[in-house]
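J.: Residue-level listing of the chains:
There are 2 protein chains.
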Amino acid sequence: MADLEKHQRMANAIRFLAIDAVEKAKSGHPGLPMGAADIATVLFTEFLKFDPTAPNWCDRDRFVLSAGHGSMLLYSVLYLLGYEDFTLDELKSFRQIGARTAGHPEFGHGAGIETTTGPLGQGLGNAVGMAIAEKLQESRFGTDIVDHFTYVLAGDGCLMEGISQEALSLAGHLKLNKLIVIWDDNGISIDGRVDITDSTNQTARFAASGWSTISIDGHDPAAIASAIRQAQSSDRPTLIAAKTTIGFGSPKKAGTNGVHGSPLGAEEAAATREALNWPHEPFEVPSDILDAWRIAGLRSAQAHKDWQKRFAAKDADTRAEFERRNRGDLPAGFEAAVQEYKKQLAETKPKMATRKASEAVLTVLNEVIPETIGGSADLTGSNNTKTKQTASVTPDDFSGRYIHWGIREHGMAAAMNGMALHGGLIPYSGGFLIFSDYCRPSIRLAALMKQRVIHVMTHDSIGLGEDGPTHQPVEHYAALRAIPDLLFFRPADITETLECWQLALETKDAPSVLALTRQDLPALRTSYEEDNLCARGAYVLIDSDDEAAVTLFASGSEVELAVEAHGKLQEAGVAARVVSVPCFELFETQSEDYQAAVIGDSPVKIAVEAGIRMGWDRFIGNDGLFVGMHGFGASGPYKKLYEHFGITSDAVVAAAQAKLKA
Amino acid sequence: MADLEKHQRMANAIRFLAIDAVEKAKSGHPGLPMGAADIATVLFTEFLKFDPTAPNWCDRDRFVLSAGHGSMLLYSVLYLLGYEDFTLDELKSFRQIGARTAGHPEFGHGAGIETTTGPLGQGLGNAVGMAIAEKLQESRFGTDIVDHFTYVLAGDGCLMEGISQEALSLAGHLKLNKLIVIWDDNGISIDGRVDITDSTNQTARFAASGWSTISIDGHDPAAIASAIRQAQSSDRPTLIAAKTTIGFGSPKKAGTNGVHGSPLGAEEAAATREALNWPHEPFEVPSDILDAWRIAGLRSAQAHKDWQKRFAAKDADTRAEFERRNRGDLPAGFEAAVQEYKKQLAETKPKMATRKASEAVLTVLNEVIPETIGGSADLTGSNNTKTKQTASVTPDDFSGRYIHWGIREHGMAAAMNGMALHGGLIPYSGGFLIFSDYCRPSIRLAALMKQRVIHVMTHDSIGLGEDGPTHQPVEHYAALRAIPDLLFFRPADITETLECWQLALETKDAPSVLALTRQDLPALRTSYEEDNLCARGAYVLIDSDDEAAVTLFASGSEVELAVEAHGKLQEAGVAARVVSVPCFELFETQSEDYQAAVIGDSPVKIAVEAGIRMGWDRFIGNDGLFVGMHGFGASGPYKKLYEHFGITSDAVVAAAQAKLKA
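Those protein sequences? They're chains A and B, same order as listed. The first sequence begins at 29 in my numbering and counts up by one. The second sequence begins at 29 in my numbering and counts up by one.
In short, the hints are calculated from the structure, not lab data. Hints are supplied without guarantee of correctness; some may be wrong.
[Claimed, not checked] With a straight-line Cα cutoff of 35 Å, these simulated DSBU-like cross-link-like pairs (lysine-lysine) come out:
hint : chain 1 : residue 1 : chain 2 : residue 2
1    : A       : 379       : B       : 77
2    : A       : 377       : A       : 120
3    : B       : 384       : B       : 478
4    : B       : 416       : A       : 54
5    : A       : 280       : B       : 203
6    : B       : 416       : A       : 280
7    : B       : 384       : A       : 120
8    : A       : 52        : B       : 478
9    : B       : 371       : A       : 689
10   : B       : 668       : A       : 478
11   : B       : 280       : A       : 52
12   : B       : 667       : A       : 280
13   : A       : 668       : B       : 384
14   : A       : 271       : B       : 52
15   : B       : 54        : A       : 379
16   : B       : 280       : A       : 384
17   : B       : 384       : A       : 280
18   : A       : 384       : A       : 77
19   : A       : 120       : B       : 667
20   : B       : 54        : A       : 384
21   : B       : 54        : A       : 377
22   : A       : 54        : B       : 384
23   : A       : 377       : B       : 52
24   : A       : 668       : B       : 54
25   : A       : 54        : B       : 596
Using the sequences provided together with the hints, build the complete structure.
T.: Written out as structure tokens, the structure reads:
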């Protein structure tokens with residue numbers, strides 16, 4: 029069998045597994061796997077470094093299918109290579125409940141899926157983060173144990189989404205030379221020809237941000253191999269623009285949008301079998317071809333063994349440290365550092381903005397956790413995310429621990445997902461809370477993928493003042509609390525900030541957002557408690573000896589107001605209690621008894637938060653009172669804004685008194 | 029006074045008004061106004077077509093300050109030109125509550141502000157929409173009454189945000205030759221030099237998407253004028269890369285990030301006065317310079333008069349139609365068309381997905397409303413937004429009514445805001461509901477600006493099936509309901525779809541999102557009612573003769589389940605009622621009596637929605653039952669998913685029975 033013929037038959041194995049699985053599911057996208065099968069065959073059988081028997085080997089090359097709708101390409105390849113999570117039965121269960129082979133690749137469904145993709149452009153952003161992580165780890169542990177490429181297969185849609193620009197400009201700037209993006213340039217999107225909607229010269233665009241670019245025929249295996257080889261030796265990230273035919277092989281549908289997102293249909297599937305000379309039953313791969321793939325799957329076994337030897341040669345401390353970081357465990361000194369600092373805070377009771385509190389906390393924690401990687405989307409001085417431990421990463425030096433992400437919130441969040449997925453690092457960001465909207469798709473995916481990425485989001489309310497409604501989060505607490513499996517923290521003072529940081533760092537399987545103030549806040553937790561009270565989500569900050577007529581619930585900066593209101597109510601002879609609510613999600617994980625006890629049964633329940641009411645009925649009921657925002661904010665000095673919008677301790681007291689009298 | 033000296037003094041008037049206002053407010057961004065004053069002076073005094081005495085003249089040139097933090101540039105210029113909303117007192121009230129001069133330009137605060145900017149990149153996206161609107165209107169009404177430019181002043185941040193790529197690639201593709209973007213290339217962002225974070229060759233990048241590009245010294249008035257002149261005659265959109273010095277004139281801070289976002293301070297302000305030879309008191313503009321500006325303000329008065337003559341020469345029908353569209357009034361035949369179709373539906377009772385219902389409705393409404401402009405972000409066949417009336421817009425022909433936005437949700441939404449702001453058009457989009465996350469920042473701004481943009485968002489739940497959790501909205505209903513002043517509609521059948529479309533179109537001062545199903549739904553509204561029941565936000569769909577033991581609340585596709593459950597409960601002898609809840613926001617605007625009556629006092633209240641619970645406590649209380657989602661979705665056929673997640677009429681009945689027995 030000539031090489032070319034063998035290549036084509038190996039590629040056809042991908043094509044027909046994809047065709048057959050989509051036919052069986054009566055749903056899916058056959059066009060991309062059919063068009064990109066040649067690329068995948070060359071990449072996986074000649075270049076990609078991986079070991080199907082140890083799919084999580086940390087020095088493997090990463091492959092990201094950014095065009096996630098083409099998931100059958102990935103599942104087919106993983107099956108062919110011998111990844112045990114992807115059996116033929118799994119392929120036959122494509123797009124069925126419980127299968128590993130979901131409509132789009134879902135991280136965690138099976139080893140070999142490096143990230144969840146589907147929302148276009150995200151994979152490209154993830155890959156930039158993986159490539160950053162590789163360079164960071166290489167600079168820490170050496171090229172002998174960290175030396176891998178990150179490959180991306182991206183479609184037209186990935187490149188049209190704005191996130192692609194943030195990702196590629198960052199990658200170009202940082203000279204991520206081990207990032208190789210293959211653009212499946214098939215000229216077709218769902219609405220038809222791409223030139224209906226776009227006329228961008230993509231290679232020129234990538235070149236403008238410092239990428240190497242190579243244009244090839246994406247069905248020519250020699251050209252594909254040559255391009256990848258060239259890309260591997262570039263000193264910059266490389267875009268390989270691979271001209272392909274979507275639905276390659278389908279006599280009637282190839283090169284059209286008819287093959288993008290629908291099954292071929294029995295007739296056209298049969299015609300394609302004919303055209304590509306594939307006289308095999310559905311899901312049948314001839315044994316010589318399956319063997320060829322399985323042999324390719326063993327290609328890096330020796331490289332893996334060699335790597336193990338090199339790793340074994342490292343000193344024990346380095347090995348232990350490398351493994352600890354890759355497991356995602358925190359270092360031994362973490363808990364002690366937290367407690368020591370907490371004791372100190374109970375004594376010094378510093379008054380400061382929680383963004384500054386966060387900086388103070390990070391200064392302690394970054395000292396004991398060397399794997400944190402900080403950053404900010406061009407708001408370093410405002411987010412207070414840079415500490416003395418975190419020198420800036422530059423294109424030529426990745427020994428630092430701080431990334432100037434630029435004004436690229438979305439690219440930042442997507443890259444952080446990639447860093448977390450890569451392993452060995454704990455990324456935390458900096459941005460304004462309002463701009464959680466800019467990176468929301470990536471935050472959602474972090475939650476879906478259960479990744480520990482931590483977003484420090486400051487300027488968390490009208491308390492930011494003069495910048496006005498475009499910069500004042502109002503609906504964002506609710507909108508972030510709405511995302512499943514995301515921890516949204518809004519600490520009330522420095523001790524709560526410390527506790528929330530502790531929780532964010534200790535939670536290995538969920539992302540966190542810390543919403544922090546621009547304005548100063550007093551210390552409200554004035555005595556030392558070893559327990560992390562924020563871990564309960566909500567807790568009684570001030571209890572009442574008498575039966576409380578009023579319970580005040582608040583988060584973040586409004587806990588101060590609740591405490592003030594509590595004092596005024598006490599003075600007026602009204603027994604009241606104050607519940608601090610730093611994290612709705614953790615409260616929901618508490619026992620029903622605890623929840624009931626915290627909520628209590630005061631006849632008057634009031635929530636105070638400088639956002640909208642949505643979500644608070646959980647605590648106060650739909651007959652409870654809410655002191656907060658009822659619409660967008662305004663531009664002005666922050667204290668005046670709080671008065672203007674009626675979010676004051678007097679307003680809380682007045683509301684309580686009115687209800688008590690009613 | 030030599031021309032250059034005069035120019036410089038006129039530019040200095042901007043600089044010092046900005047410096048003084050920021051000093052007085054002790055807050056703001058002086059750097060951009062100081063750096064871009066020369067550009068603004070040339071643009072506004074030599075090129076921009078506008079009439080301060082008729083600031084809303086529809087054929088004025090549009091100016092968008094995309095770098096909205098430099099708001100004092102705009103306010104200063106508007107004051108200097110004689111816009112009456114921007115008095116010296118307003119400038120002195122910069123960033124104070126109630127002032128027109130908010131921290132960032134807020135649309136509606138005063139004539140002369142064309143759009144709300146601040147979140148970076150949005151202005152660029154808006155401007156693309158304005159330039160599209162100009163071309164659409166020109167093709168409808170002729171160059172003699174529609175012929176204006178759209179100018180943008182954008183900063184580095186605007187160009188780093190991903191939305192910029194979506195905007196510029198769309199503009200290049202559509203050959204928006206009357207769009208001129210001036211990039212204030214000052215090389216500084218908040219964290220420091222831009223080259224800390226970005227190495228993009230911006231002119232090459234724009235050129236890659238088909239733009240003309242010109243590079244100039246942004247402090248050279250002759251070069252600025254020449255570049256604008258050249259841009260005006262280009263057959264493509266133009267980027268003018270204007271090299272400037274941020275904080276121009278400040279001896280110590282010019283060219284540094286120290287002048288980006290903080291007042292100069294009294295000392296440096298004085299030094300800058302000295303350096304620029306501006307021996308005037310704060311807020312004082314010497315009369316010769318103010319006169320020169322005011323005279324420039326009159327520059328287009330004759331052009332405006334000429335335009336009025338040309339407009340008057342049009343026939344009466346054309347004038348009336350043009351004015352109607354610009355007022356944003358719907359045509360006379362609208363209501364009748366709605367009622368006629370509603371009657372028809374009550375007879376035919378079609379079963380169909382609400383996305384197809386929307387297409388059917390649009391086919392009726394697009395016939396009577398010629399100013400709707402449809403589109404989709406590359407999901408035309410899935411969103412069903414294209415009707416027989418809406419031919420595609422192409423780069424060479426803007427007579428169509430449908431825009432293939434490409435895979436650019438964010439750019440689409442921002443451009444739609446610009447189209448609505450421009451006036452004369454009602455833009456509606458198409459996309460998947462999940463991707464509301466991608467365009468959320470622009471949806472929020474539409475709400476803040478009170479603009480009628482309508483987002484058709486299909487595939488609105490796990491009901492989309494096999495695409496899986498990356499494509500299944502779960503938290504999105506809550507997240508969109510959370511945005512103030514946005515109408516989020518989730519109609520339950522075709523009649524509700526019609527009513528929701530009617531409401532979205534009739535609401536001139538708010539954006540709407542229509543969440544529509546992929547899967548078929550039966551007609552639930554089977555008798556004709558002239559009243560728009562959806563206008564009440566929630567209404568009793570099925571009442572109970574007996575006192576209802578159970579009330580079921582549901583929206584969209586789950587109303588069918590509630591109706592089924594109702595039948596089963598009735599069979600079991602349990603009196604129940606069903607409330608359809610197509611729009612939370614409109615429900616909140618109803619009388620308290622109405623609200624109380626709809627919610628009722630059934631001992632068992634159950635909400636059914638294929639999203640998370642957040643928000644529903646408003647109807648069912650925090651002791652109510654919720655049948656819906658508790659986390660992310662999954663990949664599978666949709667009916668199986670509903671069963672898998674326990675969202676079935678049987679589950680509703682079981683929950684009701686259990687509670688009744690408890």
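J.: Out of the numbered hints, which ones does the structure contradict?
T.: The structure breaks hints 1, 2, 8, 9, 11, 13, 14, 18; every other hint is satisfied.
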